[in-house]
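Each protein sequence line maps, in turn, to chains V and U.
For the first sequence, the numbering used here assigns the number 1 to the initial residue and increments by one for each residue that follows.
For the second sequence, the numbering used here assigns the number 1 to the initial residue and increments by one for each residue that follows.
Quick caveat, the hints were computed from the structure, so don't treat them as lab data.
For clarity, every value in this text was computed on a predicted model and none was experimentally measured.
It is possible that some hints are incorrect.
[To be verified] FRET-style restraints, in silico, Cβ to Cβ:
#1 Pro135(V) / Pro144(U): 36 to 42 angstroms
#2 Arg305(U) / Tyr94(V): 41 to 47 angstroms
#3 Val264(V) / Pro80(U): 30 to 36 angstroms
#4 Gly133(V) / Arg19(U): 24 to 30 angstroms
[Unchecked claim] Per the computed footprint, the stretches of chain V lying under chain U, defined by three or more beta-carbons under 8 angstroms from a beta-carbon of chain U, are:
#5 167 to 173
#6 176 to 184
#7 202 to 213
#8 249 to 258
[Claimed, not checked] Derived lysine-lysine pairs resembling DSBU-like cross-links, with alpha carbons at most 35 angstroms apart:
#9 Lys296(U) / Lys293(V)
#10 Lys200(U) / Lys255(V)
#11 Lys55(V) / Lys7(V)
#12 Lys113(U) / Lys192(V)
#13 Lys201(U) / Lys243(V)
#14 Lys201(U) / Lys255(V)
#15 Lys255(V) / Lys113(U)
#16 Lys113(U) / Lys296(U)
#17 Lys113(U) / Lys23(U)
#18 Lys243(V) / Lys113(U)
#19 Lys293(V) / Lys255(V)
#20 Lys23(U) / Lys92(U)
#21 Lys296(U) / Lys255(V)
Built from N, CA and C at the ideal position, the CB exists for glycine as well.
Residue-level listing of the chains:
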Amino acid sequence: MSLLALKDVRVHFNTAAGVVRAVSGVSLDLAVGETLGLVGESGCGKSTLGKAIMKLVPVAAGEIVVEGTNIAPLQGAALSEMRRKVQMIFQDPYGSLNPRSTVGRSISQPMVLAGWTQGAIDERLETLLGWVGLPSDARQRYPHEFSGGQRQRIGIARALALSPKLIICDEPVSALDVSVRAQVINLLEDLKSQFGVSYLFISHDLSVVEHIADRVAVMYLGTLVEVGARDQIWRNPQHPYTKALLAAAPIANPKLARARQRTVLQGELPSPLNPPAGCPFHSRCPIAQDRCKEERPVLRPVASGAQAACHFV
Amino acid sequence: MAALPLEVRDLRTTLFTRRGEMKAVDGLSLSVGAGETVALVGESGCGKSLSALSIMRLLPDPPARIVGGSVKLNGRDIVPLPEDGMLDIRGKEIGMIFQDPMSSLNPVATVEKQIVEVLMTHTELGRGQARVRAHELLELVGMPDAARRLDAYPHQLSGGMCQRVVIAMAIACSPSVLIADEPTTALDVTVQAQVLSLLKKLQADAGMAMIFITHDLGVVAETADRVVVMYAGRKVEEATVDDLFEAPLHPYTAGLIGATPTPGAERAARLADIPGMVPPLNALPRGCAFAPRCPKVMERCRSERPALTVPAPGRLVACFAAEAG
């Protein structure tokens with residue numbers, strides 16, 4: 001049984017300009033102990049999908065199955081119970097901490113809601129701060145007294161409080177400097193090997209995802225265009241969008257950077273208010289044909305062993 | 001020999017604040033030749049943006065003041081110039097591109113009006129000619145559907161398109177020096193690739209000298225000829241891009257490279273992180289500013305500040321451990 005199974009999940013937002021189909025039919029599995037990278041450019045719906053799994057945005061249709069239970073229809077106490085299994089950390093650690101609460105209080109909040117005794121909470125706090133590498137006097141201090149990297153550690157400690165099975169990491173290192181980013185990535189990997197927690201790692205930074213993910217899902221305009229093992233995606237990308245994305249990612253090695261052939265993808269992401277008919281990528285695709293304008297391709301197994309949604313791979 | 005487009009000598013900018021004086025730029029020297037790209041690299045707070053703003057003389061006084069050094073633009077020192085003199089130079093001899101294109105543009109003026117204004121301020125062109133030139137510039141920076149975008153307001157354009165408008169304005173008067181401060185940081189990766197290849201092409205065509213400020217070593221590897229690494233307001237290493245990535249001499253440079261995952265490389269078990277963080281400018285350690293985080297720290301580093309030395313032709317490094325080999 002997979003830890004998380006998404007079945008045709010859809011998220012729609014009603015706006016003054018019309019309905020935005022931010023997530024339009026995503027199916028995805030995540031195994032126990034796995035790190036699944038979710039990549040794509042801004043506006044592709046990757047963060048919305050993460051929030052939908054936490055039920056922080058209304059799910060229009062589809063199933064979100066956590067350890068065999070579909071949480072999409074759940075509400076109230078039943079939902080709170082399930083939420084302990086899935087926690088989330090955010091891009092901006094300052095924005096996700098209450099500036100007027102001490103760090104100890106912020107980290108304790110999930111345990112208070114779960115009805116823990118003060119003694120148990122105090123003990124757990126000590127442990128959590130140790131795990132994420134913060135001094136134990138951090139609990140009496142306020143978020144503004146900490147650097148960006150330390151605040152992200154506070155967010156991670158809070159996410160770990162109730163021993164979740166899955167942590168959704170929404171651009172957790174994008175706001176951090178490179179040396180601090182490496183510290184936080186290493187911490188996430190250590191916690192995974194220590195506790196067997198799984199990650200859905202949402203990021204636009206392909207080099208970070210390549211480093212941390214076991215499997216990768218590539219998202220474009222609300223749909224998945226390719227899903228596969230890390231090496232399948234990086235060494236043998238199939239979907240033209242995946243190829244373009246990898247070709248665009250800067251390589252921190254001048255010789256490799258000069259040596260590679262890069263075709264720069266033209267144009268920009270179409271508006272999700274008015275997505276192209278047929279394949280969502282056809283308006284920018286170098287190999288698009290007439291069929292792509294009418295018929296929307298579905299994810300299917302391709303030669304590399306991955307799954308891709310393209311008529312011509 | 002003709003003067004270099006940009007030659008900065010021992011530039012010192014100090015911030016005078018209630019909490020004391022902070023040396024934001026502490027003796028920076030660098031030069032950029034025609035058609036050359038020099039990347040200025042470092043983490044937040046290392047002084048790279050303040051260096052660029054000092055060169056452009058865009059820092060507000062108070063609190064910031066250039067207290068020493070020279071900035072020679074095509075052979076002429078612009079540090080002593082009054083603000084009036086700088087107005088003639090900015091946008092004409094030095095172009096600048098900032099990180100957030102939305103906030104570099106006037107939200108209540110059309111694209112055409114903003115480009116025309118630059119042209120009419122710095123050139124002899126009349127309004128009609130300037131409008132024709134504005135259209136040409138938009139075509140040159142690869143704006144899709146350029147004729148129609150002339151009448152657009154910034155909010156009607158995407159981030160990538162706004163950055164193209166900013167680039168069009170920056171190169172409108174064919175400056176000899178272009179300073180780009182994190183020009184692609186706010187953009188998506190496919191749009192970043194478009195903007196980087198555009199900048200390279202424009203630079204090659206016009207032979208501009210470019211200073212490229214970024215924290216992203218991937219972008220450095222893709223764009224730079226030479227690299228200047230800054231830490232706590234000072235240059236700690238300078239080398240050609242190939243030398244720097246092949247054999248970084250300063251432990252901070254080596255740390256930055258180790259902390260950056262390289263796609264396509266074999267997966268390392270762990271990223272090499274640098275412990276701690278960049279110290280605030282008002283609490284710099286006495287010796288080498290990097291000493292508290294340095295894996296190669298020696299007794300001497302904690303009391304004495306290393307000066308820049310020349311370990312090999314074309315290379316500079318400020319580190320006692322590197323000197324010792």
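Now the hints, each set against the structure:
1. Pro135(V) / Pro144(U): 36 to 42 angstroms: Hint violated: Cβ distance 53 angstroms, outside 36 to 42 angstroms.
2. Arg305(U) / Tyr94(V): 41 to 47 angstroms: Because 33 angstroms falls outside the window, the suggested range is violated.
3. Val264(V) / Pro80(U): 30 to 36 angstroms: violated (43 angstroms)
4. Gly133(V) / Arg19(U): 24 to 30 angstroms: holds (29 angstroms)
5. 167 to 173: It is violated, with 0 qualifying residues against the three required.
6. 176 to 184: Coverage by chain U holds for the stretch 176 to 184 of chain V (7 residues, Cβ < 8 angstroms).
7. 202 to 213: Per the Cβ count (6), the hint holds.
8. 249 to 258: It holds: at least three residues are needed, and the stretch 249 to 258 of chain V offers 9 whose Cβ sits within less than 8 angstroms of chain U.
9. Lys296(U) / Lys293(V): violated (59 angstroms)
10. Lys200(U) / Lys255(V): Satisfied, since the Cα-Cα distance of roughly 17 angstroms is no more than 35 angstroms.
11. Lys55(V) / Lys7(V): holds (15 angstroms)
12. Lys113(U) / Lys192(V): violated (55 angstroms)
13. Lys201(U) / Lys243(V): holds (23 angstroms)
14. Lys201(U) / Lys255(V): Holds: Lys201(U) and Lys255(V) sit about 19 angstroms apart, inside 35 angstroms.
15. Lys255(V) / Lys113(U): Violated, at roughly 42 angstroms.
16. Lys113(U) / Lys296(U): violated (55 angstroms)
17. Lys113(U) / Lys23(U): Not satisfied, since the Cα-Cα distance of roughly 39 angstroms exceeds 35 angstroms.
18. Lys243(V) / Lys113(U): violated (39 angstroms)
19. Lys293(V) / Lys255(V): violated (39 angstroms)
20. Lys23(U) / Lys92(U): Holds. Lys23(U) to Lys92(U) sits at ~29 angstroms (cutoff 35 angstroms).
21. Lys296(U) / Lys255(V): holds (28 angstroms)
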